[in-house]
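Based on these hints, arrange chain B on the given structure of chain A.
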Amino acid sequence: MAWDLGTDRPIYSQLVERLQMQIVSGQYPPGGKLPSVRELAAVAAVNPNTMQKAFAELERSGLIVTQRTNGRNVTEDVQQIQDIRANLAKEQVDTFFTRMKELGYAERETLELLNEKHCMSNNDEGEQE
Amino acid sequence: MSELVELVGVTKAYDAKNLAVNNITLTLPRGKIIGLLGPNGSGKTTLIKMMNGLLTPSQGSIRINGQYVGTETKAHVAYLPDRTYLSGGKKISQILDFFCDFYADFSKEKAMDMLHSLNIDPSARLKTLSKGNKEKVQLILVMSRSADLYVLDEPIAGVDPAARDYILRTIINNYNQNATVIISTHLIGDIEQVLDEVIFMRYGHLVLYTSVDNIREQHGKSVDAYFREVFAC
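These protein sequence lines are chains A and B, in that order. Sequential numbering from 1 applies to the first sequence in our numbering. Sequential numbering from 1001 applies to the second sequence in our numbering.
One or more of the hints may lead you astray.
Unchecked claim - Example chain A residues on the side facing chain B (calculated, C-beta under 7 Å, incomplete): (1) D8; (2) R9; (3) I11; (4) Y12; (5) P29; (6) A42; (7) P48; (8) A56.
As the list claims (entries may be wrong) - When the alpha-carbon atoms are kept at most 30 Å apart in a straight line, the in silico DSS-like pairs for lysine-lysine are as follows: (9) K1134(B) / K33(A); (10) K1221(B) / K101(A); (11) K1108(B) / K1127(B); (12) K1110(B) / K53(A); (13) K53(A) / K1032(B); (14) K33(A) / K1032(B); (15) K1221(B) / K53(A); (16) K1221(B) / K90(A); (17) K117(A) / K101(A); (18) K1032(B) / K1127(B).
Keep in mind the hints are simulated off the structure, nothing from the lab. We put the beta carbon where it would ideally sit given N, CA and C, even for glycine.
So here's chain A without its partners, still in its complex pose (with noise of 0.2 Å):
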């Protein structure tokens, strides 16, 4: 399947987002093996330039190694992984809260909201037990 991707931004941008969240969700796990640029860009149906450039910047970032004789890796180094991961998870909040400001709603209100939301799926868990 071709990647689904945006209109409005880079395509390499959007590349570089799209593996960094294959990385920390653990579709290829720490140390693991990446394909090939060209093979990753003929399954994403994007230029191989293209595909190139965003893992080059995922090297410069440490996220990706390379090695000489044997293609590239996820790095070994757990604890970057986990940082990334948790700032990709504070982003996904920003986005939240202003989305939810622009809908008019104070923080307190969305605070309550998703408590009254936790709460209720705690119940659903608890009825299936």
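Same frame as chain A, now just chain B:
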């Protein structure tokens, strides 16, 4: 290594009033997949035919690999025309042999592999294939050459989305960093993410030559959307 394609002041006049291509100067590097985009009648096919030596420029010059377009350059340019020149009565295997005779850089093995992966029987006659499969066979012929420059004139027009995906994947899979692929089309949205760079043409003029991500960065919209804006009627 020198630049792959150098166009200097290229002009084509079919008659005194109509300049199909008007004074285009452009240099294209190796290792890129480039979209040649423009509305109907903007001069895309004329430009492509001049790169292939099927038309001679009225003015200006075109060099490929440092050589002026001619017999020599044809050995290094793989061209997919906008309509077929193959005879439908021939079997695909005969057409493969024909390409073997014509082009030293043609790999029959590669072509057979690709036909096999599509379940197309090489002993079938071309005219018995569906439109989509005919288009695929012709693309396979072109991409089975190891050329420096691939020029594809409307490779995805008139095929279904699945065939379109296959064609784009074939182009990506055959990509190599010493060669460049030029794809002319007006179906921009479908091929945008496969392209490095785009050339916009209008009324025979070069309007723009830049990278896809540049357009997205500067204008915050896809090349497709930007094209619609630039060429709004």
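These are the hints, each one checked on the structure:
1. D8: At 6 Å from the nearest chain B Cβ, D8(A) passes the 7 Å test, so the hint holds.
2. R9: Holds. Min distance 6 Å.
3. I11: This interface hint holds because 5 Å falls under the 7 Å limit.
4. Y12: 5 Å, holds
5. P29: Given a least distance of 27 Å, the restraint on P29(A) is violated.
6. A42: 5 Å, holds
7. P48: Status holds, d = 5 Å.
8. A56: Check failed: Cβ of A56(A) comes no nearer than 14 Å to chain B, outside 7 Å.
9. K1134(B) / K33(A): 39 Å, violated
10. K1221(B) / K101(A): Satisfied, since the Cα-Cα distance of roughly 26 Å is no more than 30 Å.
11. K1108(B) / K1127(B): Holds, at about 21 Å.
12. K1110(B) / K53(A): Holds, at roughly 28 Å.
13. K53(A) / K1032(B): 13 Å, holds
14. K33(A) / K1032(B): Distance ~27 Å between K33(A) and K1032(B) Cα, so the pair holds.
15. K1221(B) / K53(A): With a Cα-Cα distance of about 20 Å, the restraint between K1221(B) and K53(A) holds, given a limit of 30 Å.
16. K1221(B) / K90(A): 27 Å, holds
17. K117(A) / K101(A): 18 Å, holds
18. K1032(B) / K1127(B): Violated, because 34 Å separates the two Cα atoms, which is more than 30 Å.
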